[in-house]
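Produce the entire structure from the sequences given, and follow the hints as far as they go.
Protein chains in written order, with the numbering used here: chain H, 63 to 351; chain E, 63 to 351.
There's no promise every hint is true.
Identical copies carry no separate label here, and so any pair may be met within one copy or between two of them.
[Stated by the list, open to error] Below, a list of computed lysine to any residue pairs in the SDA-like style, where the Cα atoms sit at most 25 Å apart: (1) Lys319 - Leu129; (2) Lys308 - Ser182; (3) Lys308 - Arg120; (4) Lys84 - Ala200; (5) Lys308 - Ala183; (6) Lys308 - Asp243; (7) Lys319 - Leu203; (8) Lys84 - Ser291.
Hint data in this document are derived by calculation from the structure and do not stem from the laboratory.
2 protein chains.
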Amino acid sequence: MRDLSADKDLRFLSLNTATVRKQGDLPAILDAARRHGISMVSPWRDQVHEIGLDRAVRALRGGSFGLSGYCRGGLFPTDDTHRREVRDDNRRAVDEAVALGAPCLVIVVGGLPQFTRPGSAASRNLADARAQVADGVAEMLDYAETAGMPLALEPIHPMMAAERSCLCTLRQALDLCDTIDPHRSRGLGIALDVYHVWWDAEILAQISRIGADRMLTLHVCDWLVPTKSILTGRGMMGDGVIEIRKLRAAVEALGFKGACEVEILSDEWWSRPIDDVLPVIIERYRTVC
Amino acid sequence: MRDLSADKDLRFLSLNTATVRKQGDLPAILDAARRHGISMVSPWRDQVHEIGLDRAVRALRGGSFGLSGYCRGGLFPTDDTHRREVRDDNRRAVDEAVALGAPCLVIVVGGLPQFTRPGSAASRNLADARAQVADGVAEMLDYAETAGMPLALEPIHPMMAAERSCLCTLRQALDLCDTIDPHRSRGLGIALDVYHVWWDAEILAQISRIGADRMLTLHVCDWLVPTKSILTGRGMMGDGVIEIRKLRAAVEALGFKGACEVEILSDEWWSRPIDDVLPVIIERYRTVC
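Written out as structure tokens, the structure is:
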């Protein structure tokens, strides 16, 4: 296991750019990250699209930024009318991740079709959504494997099962990995966000099941009490109740050498100047992560 | 399996009295239930305490109401200073359930101590909370078994893990039953609320594990999209995305003969007159439950 105390020089801190998405576009975020000594990021697709892929690639390379991931592909459940469109969109996400030099593409699998891909026919059938996800991941993996881009399945908190992800637990994600890639050879693994899994009584047992080969990226933020918004009520590390260091240590114990990526979707933190937010992230990374 | 279509005469509909807690006290709720042909209820402790146990017993008997449960005991995690107080409070809950003639006492186990029992020393240690729950349930079961009162462990949605319940899944609840009562002889079982478990990919497999002997009470409401409040944003059956009938059928397939208890904690429904709410409950019970 890596000595966690040695990380505190920021080499292993990554900024998920959605954390400060309301404060500026991707170049502005990269400028601010650089000012504060952050050299690794994980951008979102809409932020890349906003300025164009080529410009995003140049901005990242120009600033010598490393990437800890690219957010995000997936959102599979839809209806027959839209299935090809979803497949093509996911292939473009893989191509973008390759162009950006990301180590993995984070996959949020989607929930019920009408919320996952608005315009799709409505359904309450979560089992069918899960079958679509299994098929969708398998098909996408064929493309991603050829492109050399690992796919990182992210289990998402059960409170978002209808809207964002019918993949709700780490157990379920690992079972899906075992089904689609039983020989662990095709670049299918896990994006683990402590926010989504901290509540799970079997989380330590399931983390030990991941293996270093499938542990692709680690996200952190905190669970606030009370949580005022299901989608945008996440907390700064240390402000909530998650035992972040305990979970990170379990992930490091697998042999994971990747970054600690800060992803905070929060109306509160989005309302503050970026030069106020980044120092707090760095201080909390050093003291509680 | 019982023919579900034969239930629609309301014999198996129970009103959890928290559903209309803002509209009146327990006698007012019972009067309204009677007016609308509902003959089964499940009262909450604070509603009983408000009018006194003796008066509550008389009101229930006077109206010939059956009970589907009594809400609720548990909330175990605390600190050493308050532990005896919690134990005694739970013993009183058992005594009250006996006096009221309830078929079971619903147990919501509690989350972190500072939210479960305000005034307790704060902790982020959810594993310790779970250990306290295991000890607390075991001790309480000694008392309840002697009193002849079954305890119904209710898995609660993971979004309430910190505040209400570190028992988050049916699997976890059944594992706890197996640990504390391996011979299934002591009156320990499950309160299953579709709202808390509908998202779970293994819910049907876990329901089949319950067994008729441990299936003590069934609660229904619906999951709204979007969900605006974690504690009081539940929906009327049919207004959300839960496949209620599919889950109820799985429970009935166990041989469960109990009621379908409607428990809706909702700012929206609390704001409407009781004589408007109850007909909607009855109509939705008939059409979607």
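The hints, checked one at a time:
1. Lys319 - Leu129: within (13 Å within a copy, 57 Å between copies)
2. Lys308 - Ser182: between (41 Å within a copy, 23 Å between copies)
3. Lys308 - Arg120: Answer is neither; intra-copy 37 Å and inter-copy 53 Å both fail.
4. Lys84 - Ala200: neither (34 Å within a copy, 50 Å between copies)
5. Lys308 - Ala183: Cα proximity of Lys308 and Ala183: across copies only (20 Å, versus 42 Å in one copy).
6. Lys308 - Asp243: neither (29 Å within a copy, 31 Å between copies)
7. Lys319 - Leu203: within (23 Å within a copy, 47 Å between copies)
8. Lys84 - Ser291: Cα proximity of Lys84 and Ser291: in one copy and across copies (17 Å, 24 Å).
Hints 3, 4, 6 from the list above are not met by this structure, while the remaining hints are.
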